[in-house]
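S.K.: Read off the chains here:
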Amino acid sequence: MISYLEANARQRIHTLLDASSFEEFLPPSLLVVSPHLAQLDTPASFDDGIVIGRGSLHGHKVLAAAQEGGFMGGAVGEVHGAKLVGLLKRAVTEGVAGVILLLETGGVRLHEANAGLIAVSEVMRAVLDTRAANIPVIVLVGGANGCFGGMGIVACCANEILMSEEGRLAMSGPEVIETTHGVEEFDSRDRALVWRTTGGKHRYLLGDCSAVLPDDIAAFRQAALDALMRYQKAPAELTLEDLEAEHSLLSHRLQDFGNFSEPMDIWSRLGVTKPETLPMLEAQAFMQEVAGKRAGEQQ
Amino acid sequence: MKWQTLASQLFPQGHDIVEHDYFLRGSARVGEQTVAVIGTTGHTPIGVEIALAQANAILDTMRNFPGRPLIILVDTQGQRLRYRDEMLGINRYMAHLGKCIDVARRRGHKVIGLVYDQALSGGFITSGLMADACYALPEAEIRVMGLAAMARITKVPLERLTELALANPVFAPGAENYLNMGGVEAIWQGDLESCLARALQQADSLDHRSARGLERGGRKMSLPVTRFVLGESDVLPT
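The listed protein sequences derive, respectively, from chains A and B.
Using my numbering, read the first sequence as starting at 1 and increasing by one per residue.
Using my numbering, read the second sequence as starting at 1 and increasing by one per residue.
None of these hints come from the bench; they were simulated from the model.
Don't take every hint at face value.
[Said to hold, decoys possible] The list that follows gives simulated cross-link-like pairs (lysine to aspartate or glutamate, DMTMM-like), each with its CA atoms no further than 20 angstroms apart:
#: 1; chain 1: A; residue 1: 89; chain 2: B; residue 2: 16
#: 2; chain 1: A; residue 1: 89; chain 2: A; residue 2: 297
#: 3; chain 1: A; residue 1: 61; chain 2: A; residue 2: 6
#: 4; chain 1: A; residue 1: 233; chain 2: A; residue 2: 256
#: 5; chain 1: A; residue 1: 89; chain 2: B; residue 2: 234
#: 6; chain 1: A; residue 1: 61; chain 2: A; residue 2: 23
#: 7; chain 1: B; residue 1: 155; chain 2: A; residue 2: 175
#: 8; chain 1: B; residue 1: 155; chain 2: A; residue 2: 41
#: 9; chain 1: A; residue 1: 89; chain 2: B; residue 2: 232
#: 10; chain 1: A; residue 1: 274; chain 2: A; residue 2: 297
#: 11; chain 1: B; residue 1: 155; chain 2: B; residue 2: 141
#: 12; chain 1: A; residue 1: 293; chain 2: B; residue 2: 234
[Said to hold, decoys possible] Selected chain B positions facing chain A (in silico; Cβ < 7 angstroms):
#: 13; residue: 5
#: 14; residue: 91
#: 15; residue: 144
#: 16; residue: 153
#: 17; residue: 170
Where is the CB? At the ideal position from N, CA and C, for every residue including glycine.
If we strip away everything but chain A, and leave its shape as in the complex, we get:
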């Protein structure tokens, strides 16, 4: 077993894809770095915190990207974002079976804030362009920094999100909310609260990710392949009907849970009999325990 959480971006992408199949585009040896960091006396990284390239997954040709949480928390700057956009566009010209995005990021890189914001918006549009070309985009979230900010929005533009329970997916980080509205609003040091609010299990129960996986790259590999295979038959393009279904899910969520202030109360309302036990369950036991109980799936 190789922990997804503990691996870095290159280890993840090499282990996720077929052995020796990964070929990196714009590798660190080409020294393409952020044009903005030097003037802030901030060290640059030779890949600007993201690994992109092509490879295969069980023989299926894919393009993949992995954000490096160890460099500025995986935050998106001008070059980082442009690499993602280029990769997504290339998926269309190469006609690959899918794009796998291993996201670990706090969102926009504040050191190049304006460029980062525009870049994230370009990534959103590129993800949807790729899907419109009927190429599925699969997002993996299982790194220590989670997937936050604008990239938390990008993740929800993909066909599917696969998470480990250690993975977190949200918009504003708990620290930001605590700084703005006080510790009573969101105690960022209450790790149990942070995980049951933004972690994989809660996101799965709400219907925002399609699986909760063990913290093992092999499990991510299998789940990414399964997801890819679903789109061999089903269209990857986002349609008006998909949006209507999502609108109904999100409207019901607001109606049913809008007055709640504790995720466990939501789980209980969904029919989980002992919600307090869910955080302790291993991924597989969790998936069995909540089968048929996700929002929109209840019997």
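For chain A, the structure is supplied; the task is to place chain B on it using the hints.
M.R.: Frame of chain A; chain B shown alone:
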């Protein structure tokens, strides 16, 4: 600018826009055509409700008025920073709004964004920035966050950031900086009705922002990197 003043200048032929809990919705005449108008006002934070309300208005337009152009009026302080929004998955609500705009474009609706007051980070990325092209009034304030907060987080002294902001559009708030970086297509001055009419005429479904950023010098790396990755260029971006 007050939205009522803006609306009367943008739509002198008339409109029926109403405000409900900081959410703007209605229709208006521009030249020979009717457009759908959605937006926000009062610098309101974008929480799950107002994101969903905007998405609903766009879905409604797609269903009932296929092809009708969409005008998005932006004034927001950004995403709402509350525990409840995070618990409910505000990122998905905002993505839903952005996706509704994107699908509307693909179904033949022209989409124009206009920042008439404030635009910040998450509230902007799934509204004005998802339009075919986003415009701004000269007094519009567009930013990710204030320089003081940025100094705190990046640990770069405020004096240094303030100094850099004078010369470099990447840090400083302001419509002009977003124009240089290609995030804003143009800044509207004078007759707003004809600005909008021209924007509708010029709108297309391609994302021109990195090309504009290169032309205007505010984002010199973005397009070259994308083209290099695409294999369209073998000149290494510097």
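S.K.: Look at each hint and say if it fits the structure.
M.R.: Now the hints, each set against the structure:
| no. | hint | in the structure |
| --- | --- | --- |
| 1 | 89(A) to 16(B) | 40 angstroms, violated |
| 2 | 89(A) to 297(A) | 34 angstroms, violated |
| 3 | 61(A) to 6(A) | 26 angstroms, violated |
| 4 | 233(A) to 256(A) | 33 angstroms, violated |
| 5 | 89(A) to 234(B) | 16 angstroms, holds |
| 6 | 61(A) to 23(A) | 12 angstroms, holds |
| 7 | 155(B) to 175(A) | 16 angstroms, holds |
| 8 | 155(B) to 41(A) | 11 angstroms, holds |
| 9 | 89(A) to 232(B) | 11 angstroms, holds |
| 10 | 274(A) to 297(A) | 19 angstroms, holds |
| 11 | 155(B) to 141(B) | 24 angstroms, violated |
| 12 | 293(A) to 234(B) | 52 angstroms, violated |
| 13 | 5 | 27 angstroms, violated |
| 14 | 91 | 4 angstroms, holds |
| 15 | 144 | 4 angstroms, holds |
| 16 | 153 | 5 angstroms, holds |
| 17 | 170 | 5 angstroms, holds |
In summary, the numbered hints that this structure violates are 1, 2, 3, 4, 11, 12 and 13.
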